[in-house]
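**Student:** Sequence:
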Amino acid sequence: MKVLLVGDVVGKVGRRMLKSAIPIIKAENGVTLVVANGENAAGGNGLTHEIMDDLLASGVDVLSSGNHIFDKKEVLEFLDDVPALLRPLNLPVGTPGHGYVVTGIRGIPVAVINLAGRAFMPFQYDDPFAAIDRVLDSLAPEVRVILVDFHAETTSEKAALAWYLDGKVSVVVGTHTHVQTADERILPQGTAFITDLGMTGPRDSVIGVKTELVIQKLKTQMPVRFDTATGPGQFGGLIVDIDEQSGRAREVKRIFYRE
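The opening residue of the sequence shown carries number 7 in the working numbering; numbering runs sequentially from there.
Errors might be hidden in some of the hints.
Lysine-lysine pairs mimicking DSS-like chemistry, simulated, CA-CA at most 27 Å apart [said to hold, decoys possible]:
#1 32 with 259
#2 18 with 32
#3 8 with 25
#4 18 with 79
#5 223 with 18
#6 79 with 174
#7 259 with 174
Label pairs and their computed distance ranges (CB to CB) [as the list claims (entries may be wrong)]:
#8 111 with 229: 38 to 48 Å
#9 232 with 54: 16 to 26 Å
#10 145 with 264: 35 to 45 Å
#11 210 with 140: 35 to 45 Å
#12 143 with 221: 29 to 39 Å
#13 218 with 250: 45 to 55 Å
#14 111 with 144: 32 to 42 Å
#15 195 with 35: 21 to 31 Å
#16 188 with 79: 34 to 44 Å
Hints in this document: simulated from the structure, not taken from any laboratory.
Backbone N, C-alpha and C fix where the C-beta goes; we use that ideal spot for every residue, glycine too.
Based on the provided sequences and hints, a complete structural model is requested.
**Tutor:** Right, dumping it as structure tokens:
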């Protein structure tokens with residue numbers, strides 16, 4: 007089984023890049039499952055029902071997210087009702103939505119789990135290590151293919167979780183920082199890992215935002231409204247070939263291209 011995991015989709019440019027890239031990547035690589043982080047898809051912050059439908063229609067099977075999932079308040083109207091849309095698992099009990107989903111690909115069950123880090127993050131998330139342990143203990147034995155999106159700020163926290171989960175899950179990918187890292191690898195017990203998938207969005211920007219606005223913010227230290235950049239796009243992701251019987255990763259291929 008080959009899966010494609012896509013980095014944070016930012017704004018209209020990111021959605022356009024996703025639509026154009028997925029059919030090509032699927033055809034060229036035999037990808038059967040696509041997971042994309044969609045928390046920045048609506049104007050750079052949050053997700054609307056219309057845009058969620060658009061992303062799923064583009065070929066995405068599961069949408070993960072992070073700290074921006076609640077930026078558009080309308081998400082509360084449908085978050086509970088869409089299993090394919092995830093929010094971080096390690097939020098307090100009673101938070102709307104789902105932190106993981108088990109879906110099926112050609113009769114093979116696949117679990118997708120969404121976690122958020124705690125270092126330098128804006129929310130007081132619960133312990134991601136304990137949270138995922140509880141889910142892994144609850145999964146049926148036949149669920150061997152397990153994908154984890156760890157939406158976190160620091161490279162050390164992402165790497166620590168990946169090593170902790172080595173041999174317990176198939177893939178751990180980092181998201182959130184919007185800059186792709188070149189450290190894709192398979193850990194000793196068979197878990198594929200990359201510190202950050204990168205961004206799928208406007209190429210000529212500061213992590214998706216118009217450059218002049220970020221410069222203004224940093225120079226003046228005054229409040230500035232961040233608008234999503236336009237223009238040419240870029241696409242960041244990772245393809246992982248997974249043994250369906252063992253759940254171990256066999257091969258990783260980093261994807262990055264710019265218009």
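**Student:** Starting from residue 259, check that the Cα of residue 174 is at most 27 Å away, please.
**Tutor:** Distance of about 21 Å is within 27 Å: holds.
**Student:** Would the pair residue 8 and residue 25 pass a check requiring their Cα atoms to be no farther apart than 27 Å?
**Tutor:** 19 Å, holds
**Student:** Mind checking the alpha carbons of residue 79 and residue 174 for me, to see if they're no more than 27 Å apart?
**Tutor:** 35 Å, violated
**Student:** Using the C-beta atoms of residue 143 and residue 221, is the stated range 29 to 39 Å upheld?
**Tutor:** Distance hint for residue 143, residue 221 is violated at roughly 48 Å.
**Student:** Compare the distance between the alpha carbons of residue 32 and residue 259 with 27 Å, and conclude whether the hinted pair is satisfied.
**Tutor:** It holds: about 13 Å lies between the C-alpha atoms, which stays within 27 Å.
**Student:** Does the Cβ distance between residue 111 and residue 229 fall inside 38 to 48 Å?
**Tutor:** Since the Cβ atoms of residue 111 and residue 229 sit about 45 Å apart, the hinted range of 38 to 48 Å holds.
**Student:** Is the hinted range of 32 to 42 Å satisfied by the C-beta distance from residue 111 to residue 144?
**Tutor:** With a Cβ separation near 20 Å, residue 111 and residue 144 fall outside 32 to 42 Å, so the hint is violated.
**Student:** Just to be sure I understand the hint, the distance between the Cβ atoms of residue 145 and residue 264 should be within 35 to 45 Å; is that true here?
**Tutor:** For residue 264 against residue 145, whose Cβ atoms are near 38 Å apart, the range 35 to 45 Å holds.
**Student:** Is the hinted range of 45 to 55 Å satisfied by the C-beta distance from residue 218 to residue 250?
**Tutor:** Taking Cβ atoms as reference, residue 218 and residue 250 lie about 49 Å apart, which means the hint holds.
**Student:** Taking the CB of residue 195 and the CB of residue 35, does the distance hold inside 21 to 31 Å?
**Tutor:** For residue 195 and residue 35 the Cβ distance comes to about 25 Å; the hint holds.
**Student:** Could you grab the alpha-carbon distance between residue 18 and residue 32 and see if it respects the 27 Å cut-off?
**Tutor:** Distance of about 22 Å is within 27 Å: holds.
**Student:** Lying within 34 to 44 Å: is that true of the beta-carbon distance residue 188 to residue 79?
**Tutor:** With a Cβ separation near 38 Å, residue 188 and residue 79 satisfy 34 to 44 Å, so the hint holds.
Hint compliance for this structure: hints 6, 12, 14 are not met, and every other hint is.
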